[in-house]
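Chains as they are written, first to last, in the working numbering: chain A, 360 to 497; chain B, 360 to 497.
Hints were generated in silico from the structure; no laboratory data involved.
Keep in mind that the hints are not guaranteed to be accurate.
Since the list can't tell identical chains apart, any single copy or any two copies may satisfy a pair.
Heads up, simulated DSBU-like pairs for lysine-lysine below, C-alpha to C-alpha not over 35 Å straight-line [as the list claims (entries may be wrong)]: (1) Lys386 with Lys464; (2) Lys361 with Lys387; (3) Lys479 with Lys464; (4) Lys423 with Lys464; (5) Lys459 with Lys386; (6) Lys496 with Lys387; (7) Lys423 with Lys387; (8) Lys474 with Lys361; (9) Lys361 with Lys423; (10) Lys416 with Lys451.
Predicted model only: the values in this text are computed from it and were never measured.
Number of protein chains: 2
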Amino acid sequence: MKIYFAGSIRAGRGNQDAYFKIIEYLKKYGQVLTEDIGDGSLTDLREKNISDEEIYKRDLSWLKEADVFIAEISTPSLGVGYEVAKAEEWGKRILCLCRKPEDGKKISAMMKGNKNIILKEYNNLDEAFSFIDDFLKQ
Amino acid sequence: MKIYFAGSIRAGRGNQDAYFKIIEYLKKYGQVLTEDIGDGSLTDLREKNISDEEIYKRDLSWLKEADVFIAEISTPSLGVGYEVAKAEEWGKRILCLCRKPEDGKKISAMMKGNKNIILKEYNNLDEAFSFIDDFLKQ
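One chain only, chain A, in its complex shape (with noise of 0.2 Å):
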C-alpha cells in the first residue's frame, strides 16, 4: 500500500517529533511516500538542490499515486489544506489526525464540515494508532 503522509513544514515544525512517530507506525502497513516530513532536519534536506516548482510537482505526483492520503492538522497549514483537496478532488481516502486543542482552538469548517474526510481528534499517540489501524483495515 502506498500511503501519503502530510504535515506541517514552512507553518511551523511543531509537531514534528508526532509526524515522525506516525510515519514509523505507518511503515507497517506499506510504503509512505512523504516519509522526510518526519525529518528533524528536513527543511534544509528538501530545500537545498531543489525548487519549490519541482517540490510541488514531486508531492503531486506522490499524492497522485497514493492509495490512501493521512494528514496530521494541528499545525495550520496551507500546504497540507491544499493537499486535502487535491486528495478529494482524486477520489483518495482521507483521514487527518489533530491532537484534541488545549486552548478551546476550533478546527477549520472546511475540514470538519467536509463528509468525504474523516477526522479524529486524538489525546495522545497510542489513540492516533488506533485511529490509523481502523481507517486502514477497512
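Given the structure of chain A, go ahead and fit chain B onto it with the hints provided.
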C-alpha cells in the same frame, strides 16, 4: 464582478484588520461574497446558528459562483489552502497576497511552486492594493 476573498478564521485572526481593509478596497470592483471574513466579531457571528457542514457547503457554493479568487495567506490556514485548491479545480483566476515575512519564514511550496497561482508579497497595504489593481484590471 463576484469576488471570493479568503483569509484565516479559526487558525488565527491576527490579520483580521488587513482582511477588513482589503475587503473594503475590493468592494470598488464588485461584490465580495465573503465580506464577513473582515468582521471583528466574525467567529461568534458565523458560528452561532450554523453548523460546520453548513459553513462548508455555503462557502464552497460562494466559491463556485465567484468570478475571481483572492486570498490573504500571511496566517497559515487549512481552510484557505483547501479553498485555493478548489478555486484551481474550478478554473478561477487566483491571487494570493502575503505580507513579506519578517522572520525569514517561507511560504508553502504548494503555493509558491504552483503556476496557477499569482502570488505577491507586500510590504504594506498600499502595495497590496496595487497588486489587486493589476490583477483585477486584466
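*Against the earlier hints, flag every one the structure doesn't satisfy and list their numbers going up.*
none
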